[in-house]
Amino acid sequence: MRIALFVTCVNDTLYPRTGQAVVRLLHRLGHEVVFPPSQTCCGQMHYNSGYRREAQKLAVRFVETFADADVVLAPSGSCAAMVRDNYPRLGEPGSRLDRAVADLAPRVYDLSELLVDVLGVTDVGAYFPHTVAYHPTCHGLRLLKLGDRPYRLLSNVGGIDLRELEGATECCGFGGTFAVKNPDVSAAMGSDKARNAVATGAEVLCAVDNSCLMHIGGTLQRQRAGMKTLHLAEILASTEQEPATP
Amino acid sequence: MSPHRSTGRAPGAQPSSGERAAGHATFMGMPPFPEAAKSAVEDSQMRHNLRLATGTIRGKREAVVSELDDWPDLRQAGKAIKDRTLRHLDTYLEQLEEAVTAAGGTVHWAADADEANEIVTGLVQATGESDVVKVKSMATQEIELNEALAQAGITAYETDLAELIVQLSDDLPSHILVPAIHRNRAEIREIFRDRMASWGVPAPEELSDDPRALAEAARVHLRERFLNTKVAISGANFAVADTGSMVVLESEGNGRMCLTLPQTLISVVGIEKIVPTWSDLEVFLQLLPRSSTGERMNPYTSTWTGVTPGDGPQEFHVVLLDNGRTDVLADTVGRQALRCIRCSACLNTCPVYERTGGHAYGSVYPGPIGAILTPQLRGTASETEASLPYASSLCGACYEVCPVAIDIPEVLVHLREEVVARPGHRAEKAAMGAAGWLLNGEHRLDTAQRAASAARSLVPRRMPGPASAWTDTRDIPEVPEESFRSWWRREGAAEAPEHTGDGGDEDAQEGGRR
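So the protein lines, in turn, are chains A and B.
The first sequence begins at 1 in the numbering used here and counts up by one.
The second sequence begins at 247 in the numbering used here and counts up by one.
Read the hints as simulated data drawn from the structure, not as lab findings.
Worth double-checking, as some hints may not be accurate.
[Unchecked claim] Anything over 12 angstroms on all C-beta distances counts as not near chain A; from chain B, calculated: (1) 275; (2) 316; (3) 325; (4) 436; (5) 472; (6) 560.
[Said to hold, decoys possible] The list that follows gives simulated cross-link-like pairs (lysine-lysine, DSBU-like), each with its CA atoms no further than 35 angstroms apart: (7) 57(A) - 675(B); (8) 145(A) - 476(B); (9) 181(A) - 145(A); (10) 57(A) - 325(B); (11) 284(B) - 306(B); (12) 306(B) - 145(A); (13) 306(B) - 675(B); (14) 325(B) - 145(A); (15) 145(A) - 228(A); (16) 145(A) - 57(A); (17) 284(B) - 228(A); (18) 284(B) - 181(A); (19) 306(B) - 181(A); (20) 145(A) - 284(B); (21) 181(A) - 675(B); (22) 181(A) - 57(A); (23) 306(B) - 325(B); (24) 476(B) - 181(A); (25) 181(A) - 228(A).
Every residue gets a Cβ at the ideal spot worked out from N, C-alpha and C, and that includes glycine.
Throw the hints in and build the complete structure from the sequences for me.
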């Protein structure tokens, strides 16, 4: 299948490793990946902060960039949710944007949805002999309703030792601009999430969203907790021949 | 943490004319949420109390909600009934007025808090009494009725156990259902021992912090009040339009004492509390207890219709309160907040509320519902109200548990748009505008990414200015050597040459169309 990658601005700028892992993984599974270069950002930060007009412009760019794609992969739960859940609220009913969103949004997937629902695979042939705890990010959990898809993918990874995360469904406290507008509450939530992550004894905390991991990972790093964070794509891309290091 | 707290006033000590009634903490002049939240998250005792309490109620709710197969249907029914009622609110309100009047009650209309307080004060004064007992009520808290009555020399006695704790300690409520949730039992024992005597029957000498002993002390203290007070003031959880019946749900039976023993009963009811019929009410009698206290059925559900000769209060007044509600109704996105049945499930599940407690929200309506209701009822002109829509990480846990499906994150974002549309916030608007410009051009973004990568070794661990809000508690990620798009041009291009090639006009989109 030909998959259009919407890498997302955060991954593009700060976590290219995640994008590269996605490409490696999909190639390994025999699929073609295209990267429409006019893509930038889904507009989530602007939308969630009340800057609707800026978000609309970025939404227009997104739907034009990906209009002809069969499927779009956004390796970020919150960006995929932005398109599927919030884009329909952005255009005036019946407007060009509104119609374009109605057409495109159902074809936009998070990585675990793409693999499990579209490509019909739960064992991607990955190998990652490490202890891992999975944090289900809020938008993946409540907006995309990813359910057990990420767990099913992870549990089929060779050599993996999955640990259960206490308080898994609770928000890590990132929340986009919330992290800087309410830094004390955000830090309190982040420190609880970090504590629960460390308590699993796992080497790696995994999620489907690097922005949440930037917050949790930054907290762990500041606490010198010695625990790494990795996007799901990086674990699924890891093989015996090309292992990812935690 | 409750500013504007003054020393408690023993009842009977009448305020002299012109003197502001002492002994009543109010939410007036609370600092904006981030500031109030900062001191709250530093209070480890309160954090401990709240973690324990919200965790317990959360677990109970979860258990009794998950045992019902038809919960999603019930939730949809609750939402639909409320929406239909709100669409025809004018009709139902008139129907209610007619039915209450026919049953021997009197209906009063109050446009705002001042009008409602004036009506209630006048009604109490007409009875010649100077003491009233109160059933736990959010509407009367919202209009600060106790403070208004105190100005007129009338003492209002809270009879709900948690409200009693708050009143005795001259504190502020911090939760809709459990106003003293921020207190633990050791603190409650201290409050009872120190303060009960100046309000009535004192606490026993050797009061322990055993919940049973604390409840018994409150029981003895309140019993005298129930037997001697001739006027009661309540709110209502629901008002049934077709029969004119009021409905109050409570757990202690103290509310029922107030609703049955006094001669005069005055109920202050928000206009959104209406349900058309008893069969509509049935849905909410299932939704509310499970969502709020985590019980299958509510322990004390009191209903009354006007007056019944020789049985219960012989005079009944209902004050129908607007106080900003019709403005909320006019907002097509925000109006869903009027569906709220005050169950508190959103508070108990909210990770922000659990860490800040209720006082930080500067209103009797704290937590996620408060963050959308308070700015809508009061407007977003002041800094405190304008800060509330941002008191959320938009995690969506509140929407998930709401028994009437209020999409709180949607309304939060809607209110943020309202705040942004106001003057001010210049630095943020400039930054967001710049980010919007940068992100709306792939070449601009590419250039910025190259610049960041070139300067990656210069990024300091701790940033000055606004960025310190991040780096005070978190490390920032390392900027990579190159962006993904830069890598793709080299590596990705090698594998799929026909799909690469950046170029063309900044605003043209042909690069993306295939």
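Here is what the structure says about each hint:
1. For residue 275(B), the requirement that its beta carbon stay farther than 12 angstroms from each beta carbon of chain A is met, with the minimum near 20 angstroms.
2. No beta-carbon of chain A comes within 12 angstroms of the beta-carbon of residue 316(B); the shortest separation is about 20 angstroms.
3. With a least CB separation of 18 angstroms from chain A, residue 325(B) remains clear of the 12 angstroms interface cut-off, as annotated.
4. With a closest Cβ-Cβ approach of about 27 angstroms to chain A, residue 436(B) is found to remain outside the 12 angstroms limit, as its non-interface label requires.
5. Separation of residue 472(B) from chain A is adequate, the least Cβ-Cβ distance of about 41 angstroms exceeding the 12 angstroms criterion.
6. With a least CB separation of 51 angstroms from chain A, residue 560(B) remains clear of the 12 angstroms interface cut-off, as annotated.
7. Between residue 57(A) and residue 675(B) the CA atoms are separated by roughly 16 angstroms; this keeps the pair inside 35 angstroms, and the hint holds.
8. Note on residue 145(A) and residue 476(B): the hinted pairing is violated, with a Cα-Cα distance of about 55 angstroms set against a maximum of 35 angstroms.
9. Restraint check for residue 181(A) and residue 145(A): satisfied, since their Cα atoms lie roughly 27 angstroms apart, inside the 35 angstroms limit.
10. This hinted pair checks out: residue 57(A) and residue 325(B) have alpha carbons roughly 33 angstroms apart, not beyond 35 angstroms.
11. At most 35 angstroms may separate the alpha-carbon atoms for a hinted pair to count; residue 284(B) and residue 306(B) meet this at roughly 30 angstroms.
12. Of the supplied pair hints, the one linking residue 306(B) and residue 145(A) holds, its CA atoms being roughly 23 angstroms apart against a limit of 35 angstroms.
13. Under the criterion of a C-alpha separation no larger than 35 angstroms, the hint pairing residue 306(B) with residue 675(B) is inconsistent with the structure, at around 44 angstroms.
14. Straight-line distance between C-alpha atoms of residue 325(B) and residue 145(A) comes to about 22 angstroms, which keeps the hinted pair within the 35 angstroms bound.
15. Pair hint residue 145(A) plus residue 228(A) holds up; C-alpha atoms about 26 angstroms apart against a cutoff of 35 angstroms.
16. At most 35 angstroms may separate the alpha-carbon atoms for a hinted pair to count; residue 145(A) and residue 57(A) meet this at roughly 27 angstroms.
17. About 28 angstroms separates the Cα atoms of residue 284(B) and residue 228(A), which keeps this hinted pair within 35 angstroms; it holds.
18. Taking the CA atoms of residue 284(B) and residue 181(A), the gap is near 11 angstroms; set against the 35 angstroms cutoff, the hint holds.
19. Using a Cα cut-off of 35 angstroms, the hinted pair residue 306(B) and residue 181(A) holds, with the two alpha carbons roughly 33 angstroms apart.
20. Pair hint residue 145(A) plus residue 284(B) holds up; C-alpha atoms about 33 angstroms apart against a cutoff of 35 angstroms.
21. For a cut-off of 35 angstroms, the pair hint linking residue 181(A) to residue 675(B) stands: about 14 angstroms separates their Cα positions.
22. Note on residue 181(A) and residue 57(A): the hinted pairing holds, with a Cα-Cα distance of about 24 angstroms set against a maximum of 35 angstroms.
23. For the hint linking residue 306(B) to residue 325(B), the alpha-carbon distance of about 23 angstroms falls within 35 angstroms, and the restraint holds.
24. Taken as a hint, the residue 476(B) and residue 181(A) pair is broken in the structure, with Cα atoms around 50 angstroms apart against an allowance of 35 angstroms.
25. Of the pairs offered as hints, the one joining residue 181(A) and residue 228(A) holds, with about 26 angstroms between alpha carbons and a cut-off of 35 angstroms not exceeded.
In this structure, the hints that do not hold are numbers 8, 13 and 24, in rising order.
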